[in-house]
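My request is simple: use the sequences and hints to build the entire structure.
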Amino acid sequence: MNTVVSIGSITTAELTQAAAEKLHSRAERFACEVQGFAWCVENPVDVLVVDAELAGASGLDIFRQIRQVPGREHVVGILVTEKGDKWALYEALDAGLNDVVTKPVDKVELLGRLRNLLHLRSGFRGLEEKVSSLESQVDKSLDDLREANTYLNKRVQEESERCLQQQHIILQRTRVIAMGEMLSAVAHHWRQPLTVVSLLVESLRMDYDEGTLSSTGLQQYTEDIINELKMLSGTIDTFRNILKPDASKVRFELEEALKSVLIFIWPQLKDNNIRITLEDTSSHVSLFGYPREFQQVLLSIIGNSRDAIILARKPGRILIHVEQTAGEVIIAISDNGGGIDESVLARIFDPYFTTRERGVGSGVVRGTGTELYLAKIVIEEKMAGVISVENTSEGTRTTIRLPLSIEVQ
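Under UniProt numbering, the first residue of the sequence shown carries the number 1, and numbering increases by one thereafter.
Hints may contain errors.
In silico DSSO-like links for lysine-lysine, alpha-carbon gap of 30 Å or less [said to hold, decoys possible]:
id: 1; residue 1: Lys-270; residue 2: Lys-259
id: 2; residue 1: Lys-107; residue 2: Lys-83
id: 3; residue 1: Lys-140; residue 2: Lys-314
id: 4; residue 1: Lys-249; residue 2: Lys-376
Derived from the structure by calculation, the hints contain no laboratory data.
Fair warning: this is a prediction, and the values are worked out from it, not measured in the lab.
This is how it looks when you write it as structure tokens:
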């Protein structure tokens, strides 16, 4: 139930109480501004109806003081005044009040204005609850990511301590790297929606404080904020799906896998002035294997191209070309990052081999030398394909060949 508080004359109190009861709201009345202020500090208030002239202070000052109490920042108010000129209205609006009623008070007018403010206050409360609910969902998704990251780090430590096979250790380390990449990508993807939400909330507050917020405007603000927060939640789901381990081999669409990878890495490329282009001449290609590990392979290759371009300090280009032959699909990823020294090209898939200084790069973890080694295992051992790297006139081209129909056990 909404709470309406009146501070001032007996007439104002009686008219306010009658109007509040018609609107099924609780009414509290105080002739003394000190008692009224003390009550508002201790109890929730939705609408304050206050006389302009009180025994010990002005109604404007009392309203300002109540608005400064934590938790009362969004109280709406009506000033009851004997002045009927525009300057009285200006003073009230400047103090944060939402409406002005001139004495002698018309009870029908007061009822209408009080109804409008209660409706506005209820709508704003509903918006706060929706935003709070969506923020809780986003927080839960972030907690899931933190738990996943903690789990992966723990797994790396356990596997190292037990001296398991090198391939398993490399797999876990690469997943930790991918998690770091994901957190970085989440930050890039969230930057713009969070800025939009911040601007919408600020605009909403300004409209609310100025008394220009209508029901239609409130609904539009609500829809816009909810849409932006849904985008944030959808981003979490997309990134989390890429990093989930594959339980078994499945059939998956190449086009969908490529789209997820491009959504994941595009903001980082854009921030570094790197243009990425997809040329796909294939038609509804289905592959059999491990879709998430395959996507991680693509991310590693594109990430290497990104780092090479950044080190070259030049406007970058990455081209992904897909073509289909009778029995296989060929995916070629080319860049203009300057290429790899021919003397080390043959060792590019060796474990722990890297052309960069260890730990150096543009992301969270760089230069571990495990990404391409793991890529070779996924493509050739798990998906019966072939992966190769060669230099071009401008940079490097990584080519992946995968069978279209063979289901490798």
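Here is how each hint holds up against the structure:
1. Lys-270 x Lys-259: This hinted pair holds, its Cα atoms lying about 16 Å apart.
2. Lys-107 x Lys-83: Given that 30 Å is the threshold and the Cα spacing comes to 18 Å, the pair holds.
3. Lys-140 x Lys-314: 40 Å, violated
4. Lys-249 x Lys-376: 17 Å, holds
The structure is inconsistent with hint 3 alone, although it conforms to all the rest.
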